[in-house]
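Asks: My request is simple: use the sequences and hints to build the entire structure.
Going down the list, the protein sequences come from chains A and B.
Quick note on numbering: the first sequence equals residues 1 to 198 in the numbering used here.
Quick note on numbering: the second sequence equals residues 1 to 244 in the numbering used here.
Calculated from the structure, these hints are not laboratory results.
A virtual CB, placed ideally from N, CA and C, is assigned to each residue, including glycine.
There could be a bad hint or two in this list.
Stated by the list, open to error - The calculated label-pair distances, taken between Cβ atoms and stated as ranges, are:
id	chain 1	residue 1	chain 2	residue 2	range
1	A	191	B	3	29 to 35 Å
2	B	198	A	91	49 to 55 Å
3	A	181	B	217	48 to 54 Å
Said to hold, decoys possible - Which stretches of chain A does chain B cover? Using the computed rule of at least three CB atoms under 8 Å from a CB of chain B, they are:
id	region
4	138-151
5	178-185
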Amino acid sequence: MASPEIDALTAALARLPGLGPRSARRAVLHLIKRREVALFPLLEALQAVTANLVVCSTCGNVETSDPCAICRDPRRDAGLLCVVADVADLWALDGKHLFSGRYHVLGGRLSALDGIGPEDLAITSLVMRASDGLVREVVLALSATMEGQATMHYVADALRPTGVKVSQLAQGLPMGGELDYLDEGTLALALNARRPVG
Amino acid sequence: MIRLEPALLLGAIGHGETGAVVRLLTAETGMLAAYVHGARGRRLRPMLQVGNVLGVDLVTRGDDRLPLATPHLLAANLAMLHGPVALAVVDHVAALISTLLPDAVPQPRLYGMVDALLMAAGSGAAAHTLGIALARLELALLDELGLGLDLSSCAASGAREDLAFVSPRSRQAVARGPGQPWASRLLPLPAFLIGDRDADAQAVGDGLRLTGHFLARDALAGTRQRERLLQGRARAVTLLTAAA
Chain A
1 MASPEIDALT AALARLPGLG PRSARRAVLH LIKRREVALF PLLEALQAVT
51 ANLVVCSTCG NVETSDPCAI CRDPRRDAGL LCVVADVADL WALDGKHLFS
101 GRYHVLGGRL SALDGIGPED LAITSLVMRA SDGLVREVVL ALSATMEGQA
151 TMHYVADALR PTGVKVSQLA QGLPMGGELD YLDEGTLALA LNARRPVG
Chain B
1 MIRLEPALLL GAIGHGETGA VVRLLTAETG MLAAYVHGAR GRRLRPMLQV
51 GNVLGVDLVT RGDDRLPLAT PHLLAANLAM LHGPVALAVV DHVAALISTL
101 LPDAVPQPRL YGMVDALLMA AGSGAAAHTL GIALARLELA LLDELGLGLD
151 LSSCAASGAR EDLAFVSPRS RQAVARGPGQ PWASRLLPLP AFLIGDRDAD
201 AQAVGDGLRL TGHFLARDAL AGTRQRERLL QGRARAVTLL TAAA
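Replies: Here's what the structure looks like:
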């Protein structure tokens with residue numbers, strides 16, 4: 001029988017993605033047993049993040065400074081802007097160092113069913129950024145779902161008056177994808193996006 | 001276990017870490033919600049796209065819990081290949097039907113119309129064709145909700161011929177002669193909504209304006225997502241009429 005404080009910590013951890021009650025209890029036991037190397041550093045990190053967490057007013061990234069490190073970085077190409085739906089998408093793209101430009105987080109995807117409309121997304125600020133004279137190309141990196149693609153077309157329409165080049169991510173075969181394992185939609189997209197060899 | 005086949009997927013909202021609550025439309029059982037385990041995993045995510053036609057094995061879990069669904073894909077909706085018009089139509093139709101239709105009421109007529117429209121959008125049908133199908137579907141939906149228009153005879157003269165307008169208040173048709181002096185206050189009734197097969201771009205626009213008026217005033221009144229649904233519809237109609 002644990003104390004109410006430990007139970008509260010277990011319950012809080014159990015609400016995190018990837019953890020259930022059992023794994024949360026294991027994590028709590030680990031933190032208690034290894035206080036010096038696990039609990040105290042975790043506590044410090046949580047306190048530091050809690051104290052400094054801000055949303056970048058330029059791109060919408062979640063960081064500990066405003067503007068964020070990506071927006072401040074002079075080595076990044078200010079002429080390339082990659083539009084993503086969520087911060088998780090930004091972290092996924094940037095973590096792999098595949099894109100040298102800057103980002104813009106929309107904050108979701110259009111969905112009438114979920115009650116998410118254009119004014120809930122950071123589209124006005126995107127159009128303003130695209131109109132600043134520095135941006136040459138906006139890359140729409142939105143998911144290959146109905147909602148993602150509907151959002152992409154809406155954003156492309158909104159960007160049209162700015163005159164900047166607007167592109168989208170290619171769709172089709174994933175790396176290592178075997179044709180007989182792919183779904184009908186992916187195969188159709190791949191066929192549609194075929195290109196000359198060589 | 002019950003096998004539902006075919007079932008149209010009209011919505012999927014994430015629930016828990018990997019699951020989702022899906023909204024399905026079938027001819028025999030109408031709208032129903034079910035829980036899908038692992039809906040956001042690699043295997044099921046491509047399958048659970050709005051507009052896809054699924055076969056679903058359903059296991060009920062008592063009255064107070066959603067049934068568990070195990071889906072398999074029968075046909076993918078490829079509206080993504082056909083640009084903004086097709087996507088906006090699929091998005092609007094799925095949201096509208098999913099919001100307005102009551103659960104567990106058989107919908108053989110509406111199912112056929114929704115299926116045909118989503119299939120047309122997914123196979124790259126012309127905007128004109130989609131506009132006609134959308135206006136007819138919305139008219140049938142109003143009818144199904146008990147808010148149907150009376151297009152059988154003229155409200156003023158009782159005539160059954162040459163019906164050209166609808167009263168925006170009473171939902172009744174008005175013939176051309178009696179209606180002409182008040183034409184600016186009445187909604188035009190395009191012939192394709194009362195039997196004609198063909199329609200020009202003007203008629204499609206009129207048909208969508210007619211159904212849009214009654215959806216906004218009656219069917220969506222008081223619904224939580226009214227403004228969002230009307231916004232989505234406005235975009236679909238703008239794209240449809242611009243492309244027609």
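Asks: So does residue 198 of chain B sit 49 to 55 Å from residue 91 of chain A, Cβ to Cβ?
Replies: Check passed, 53 Å falls within 49 to 55 Å.
Asks: Tell me whether the statement that chain B covers the region 138-151 of chain A is true, taking a Cβ distance below 8 Å and needing three residues at minimum.
Replies: With 6 residues close enough to chain B, the hint holds.
Asks: Can the region 178-185 of chain A be counted as covered by chain B under the rule of three residues or more with Cβ-Cβ separation shorter than 8 Å?
Replies: holds (count 3)
Asks: Cβ-Cβ distance between residue 191 of chain A and residue 3 of chain B: within 29 to 35 Å?
Replies: With a Cβ separation near 31 Å, residue 191 of chain A and residue 3 of chain B satisfy 29 to 35 Å, so the hint holds.
Asks: Assuming the hint says 48 to 54 Å, is it satisfied by the Cβ distance from residue 181 of chain A to residue 217 of chain B or not?
Replies: 50 Å, holds
Checked against the numbered hints given earlier, this structure breaks none of them.
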